[in-house]
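**Student:** Given next are the chains, with one letter for each unit.
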Amino acid sequence: MSSSSTSGAGQLAGGTGAGLVDVTMPQMGVSVAEGTIVAWRAQVGEHIEAEQTICEISTDKIDTEVPAPVSGILAEILVEPEQTVPVGTVLARIATAAGATSGGEAGPQEGTAAHMGAGNGGGAPEGAAAAAGSGSQRAADGRGAPTTAQAPERPPRERVENGRTRGRYSPVVQRIAAEHGVDLAQVQGTGRGGRVRKQDVLRFIGEGGAGAQEPAEPPLHIESPYRPEPTLAAAPAATGSAQTPSAPPSAPTLTPAVALPGTLSRMRRQIGEHMKRSLQTAATCTTWIEVDLSRVETARRRLGVTALAFVARATIDALREHPELNAWLEDERYTRHQGVNLGIAVSLGESGLIVPVIHGAHELSIEGLAARIRDLAARARAGQLSPDEVRGGTFTITNPGQYGSIMATPIINQPQVGILDFEATVKRPVVVTDAQGNDAIAIRPITILGLSWDHRALDGAQAAQFLAAVKRALEAVPL
Amino acid sequence: MATDTAEPVAGAADASAHLTLEDRIELLRAMLMMRGIEAKAMSLYRQGKIPGSFYDGYGQEAVSAGAAFAMAPEDRLCILHRDLAAHLIRGVAPARIFAQYMGRATGVTRGREGNVHFGDWRLGCVGMVSMLPDMMLVATGMAMAFKLRGEQRCALTWFGDGSTSRGDFHEAMNWAGVQRLPVIFVLENNQYAYSTPLDKQFAVDPVARAAAYGFLGVTVDGNDVEAVFEATRQARERALAGEGPTLIEAVTMRMHGHAAHDDMKYVPKAMVEEWRKRDPIERQERRLRELGVAVESLREGIMAEIEAAAEEALRAPMPDPASATEGVFCEGEAEPLGDGRAPWSGFAEPGAVGRAL
Amino acid sequence: MATLTYLQAISAALRDELRADERVLLMGEDIGTFGGAFKVTDGFIEEFGPDRVMDTPLAESAIIGTAVGAAVVGMRPVCEMQFADFISCGFDQLVNVAGKMYYRQGLAVPITVRLPSGGGFSGGPFHSQNPEAWFMHAPGIKVVAPSTAEDAKGLLHTAIHDPNPVCFMEHKHLYRRIRGEVPDGIYETPLKARVARAGTDLVVIAYGAMVHTALEATADLDGASVEVLDLRSLVPLDEEAILDSVARCSKVVIVDEANATCAAGAQVAALIAERGFEDLDGPIVRVATPDVPIPFSPPLEQAVLPSVERVREACRELLEY
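Protein chains in written order, with my numbering: chain A, 1 to 479; chain B, 1001 to 1357; chain C, 2001 to 2321.
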């Protein structure tokens, strides 16, 4: 296999001194715990370019090459050929001209991404091509802290007390802050070491400090559907697959990936390739259905999860009823899957789109799905996904509803045959009929679910039935 | 030591003075049922239908049959693991016993306890614990309550030679002696405590110790069911007359291993052969044949009953796992032990026919 | 109503029960003629006779075992271990015979075991223990621990009326130091916790003598509003009350006079960590006697038993956190 499929190669784990960058043993798959050096392709003192193969390794899963993470002089080799070491062990060190590199370099990032993309395109079906690449990039590429829509996790000033760093908010403080939409960074702490205590956040609220931010809930619009929806705890922000990447980023903490002037970034190009290929391969149609989410709104508040978790669960149940949508179509080969590996599209802002996969999603409850979505989204944005976590999806959900758009024509994630689009929820006047058959007008939170489906694998009736099943499940959620 | 030559306190002749023919047949029935149930259960155990361990009282049937036969309905019993006949005499149905061994929902303890660790409290039987001889103290306490309330009833417990080495033996003997309680301690001296022979267990034969605690100790041929009955009957009379406890040492032999998983290689074969000649069931059968009783047809009837009981138990359901954490605490009223069956003609109204098992 | 000491309240409960219920039987060493090592049953034998106020042989296993026997034939024995420490001699009968009987056989064992427990008066290692945790750990046994005179009487009535084995932890050091208003007649204190003092900033959870230590330590603590929760019942544990106090106060100090490892407070801490996590504004703090035998000489003993100062400091630190 080519060097491009090494995912963890060149982790910028923080240099051990000025200008020294570690080369570590990568993890080639979830179950792999160690690797063996087969041969070194460079010598100590030799100049090497970033991406140049620095050594060959052998693991339980595959034999592969390890590319250099940066350009520089190979300063030291720490593991000899035929030695077997655990994943993450420092194999060698490269001396760079500058200090411990930040994420500024476009070269290594792009290069890595390109290699990832090329490798992935040829291999197992995956979500966005950047998936594997993003899994290996960490703080170095400047993505910074993951954006979670709850009270920002930026800790107060770190203090070392009794040898331990205090930088956390206690559970009750976080809960109260979330309930009242308080930005804890604004709360003056009077506890030990400047810690924010329960009474501090309560006082802040009492003095009217809350409400300076948008409340964390509810997510429903009133009147105009174009007011930006407040972001929820776990709502992954995914750009609509069919839209251009020109939408202004709403998450200010994401630093745009540097692109060569005048061209799209490599990652953007790869996503584009994938999308175009999908449209060229599949006979893509889109069907929509309206869903009344009033029960979901009530239930999700009680459980403390987002509507997406409910949509995910309803989707899984509908896929069980309509297995023709839980399938892969690769040229002539059509494979239906028993279990549901649910991909959830996560926007990485300017850096593109990634689709982490919840394996075995059919076994999870709503709370379980919500937790997994939260976790995957956070790690996706932090660039901490492993290769296994972006492979093997059998169906995808995209949920870009926070900007107010109500419908889209999503592009199917190859080689799947369906993708569900969950846009904004808007309060609308609807007609309700009571038990006696009398009609009246009521205000209900309505969303439009869109299903893009491959006409080579199914027909419109099946697509509509699937949507109807999802709608049924959502409108029957126990309160 | 008295264990070698078991001079019966009451000879068979004396016993028959208090036993009608019906009674003597009942005694044999009880022993045959015990042996038959245990044989069938051993077979089920080897078929994997009985979990855990399996204990029997092969060769000791007379000790529990004889002693239990002397107990009145209002008396109370602590029954141990080689005393199955006592349960049968008190009225526990064989099907429930098989179900108990197999851990079924219809077993006496509904699957909460295994093998012989059961007692149907509604019939006045207290289920044993494994720590021996804890039950001696419970029996002592029951007798204490009877005496405090001035009631004409007694309590009885069985225990083995091994358990006389533990503190509770001493505390029970002492307490019963100092308070002169109506309790009968039946020491089943079956020569071995698991693999431990008597000469590793005590320096003085425990029956001799009764005097040290202030009451009578008697030794009886544990393989003569009528002698055991008579010794117990006399002990009960003494108890009700306010003369305090009796320690009855019933000398017998454990003919099988400690449990089904023990091959008892440590027992000299000659000893086993000697005791086989003194089998309590054969002994009683000889007696009854001499009196003209059709022993064989009795056997057949009992085997048929046992087979039917085993079939019934095999059909019974296992307990519901959801119930495993229920019933740790009593939520309602504490109900005391109830009265059991007492087939001895001596308890019936004058002229009444002895009840069949 | 009368003002009684903790000890007098216990005596009153026993006397009321003996009078009202002929099934009640007291058993223990030196409780009859001598009136009890602490005089709890002083004068009883004159009123109720030696059969109902029984001087037993020195045999804890037998006291408990015979009590079980008497209970299953309809009596209501109340046994006394002269010192709670001696329960170890009767451990087997209590845990294996009494505790497990109902679950195994469906046969209820309505016994009460009075356990004069606790230290603070140079009793040394064998007269100062708080062994309740051993029996919290044994299925089938209830455990109660009053801290006031009123609760001492009420909980003893509850224990005697309960159809299950109940360990009644009566704290020796409270016998004559605590007095309070006690209602007349027979009444039952429910097996629930009691808010000894309501508060908002922090809650101290304790039982027995430590309730008083907690109250004293937090009566005037830098103006803080400190709640004190008196558990009263250890089995069953009033989980709702514990979690409610934690929800309101968010900071918890748990005090055990017993040795720290696996004491009742450890179970309370585990409960809070598991089910009250979201309400916590600081770590769960425990103040307990270290894992040492209780020493005899006063400076040693005072150094290990949780003192008012130690509890106060722990609360102060946590309040500031």
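Treat each hint with caution, since some may be false.
Now the stretches of chain C that chain B is said to cover, found in silico as 3 or more residues with beta-carbon under 8 Å [as the list claims (entries may be wrong)]:
1) 2093 to 2106
2) 2137 to 2151
What follows is a list of derived Cβ distance ranges for each label pair [said to hold, decoys possible]:
3) A:ARG302 <-> B:PRO1317: 34 to 40 Å
4) B:GLU1274 <-> C:THR2033: 50 to 56 Å
5) B:GLU1274 <-> C:LEU2058: 39 to 45 Å
6) C:THR2033 <-> B:GLU1022: 48 to 54 Å
7) B:PRO1317 <-> C:ASP2021: 51 to 57 Å
8) A:VAL90 <-> C:PRO2290: 42 to 48 Å
Note that these hints are calculated values from the structure, not bench results.
Predicted, not measured: the structure shown is a model, and the values here were computed from it.
Positions of the beta carbon are idealized from the N, C-alpha and C atoms, including for glycine.
**Student:** Could you see if the CB distance from THR2033 of chain C to GLU1022 of chain B stays within 48 to 54 Å?
**Tutor:** Holds: the Cβ-Cβ distance is about 52 Å, inside 48 to 54 Å.
**Student:** Taking 8 Å as the C-beta cutoff, is the stated coverage of the segment 2137 to 2151 of chain C by chain B satisfied by three or more residues?
**Tutor:** Coverage by chain B holds here, the residue count being 3 at a Cβ distance below 8 Å.
**Student:** Does the hinted range 42 to 48 Å hold for VAL90 of chain A and PRO2290 of chain C at CB?
**Tutor:** 44 Å, holds
**Student:** That 50 to 56 Å hint for GLU1274 of chain B and THR2033 of chain C (C-beta), does it hold up?
**Tutor:** 55 Å, holds
**Student:** Does the hinted range 39 to 45 Å hold for GLU1274 of chain B and LEU2058 of chain C at CB?
**Tutor:** 44 Å, holds
**Student:** Honestly, do ARG302 of chain A and PRO1317 of chain B meet the 34 to 40 Å range at C-beta?
**Tutor:** Given about 39 Å between the Cβ atoms, the range holds.
**Student:** Is the listed coverage of the segment 2093 to 2106 of chain C by chain B valid when you require three or more residues with a beta carbon under 8 Å from a beta carbon of that chain?
**Tutor:** Since three or more residues must qualify, the claim that chain B covers the segment 2093 to 2106 of chain C holds, with 10 doing so at under 8 Å.
**Student:** Verify the CB-CB distance for PRO1317 of chain B and ASP2021 of chain C against the hinted window 51 to 57 Å.
**Tutor:** With Cβ atoms ~41 Å apart, the hint is violated.
Violation of the numbered hints given earlier is confined to hint 7; every other hint is satisfied by the structure.
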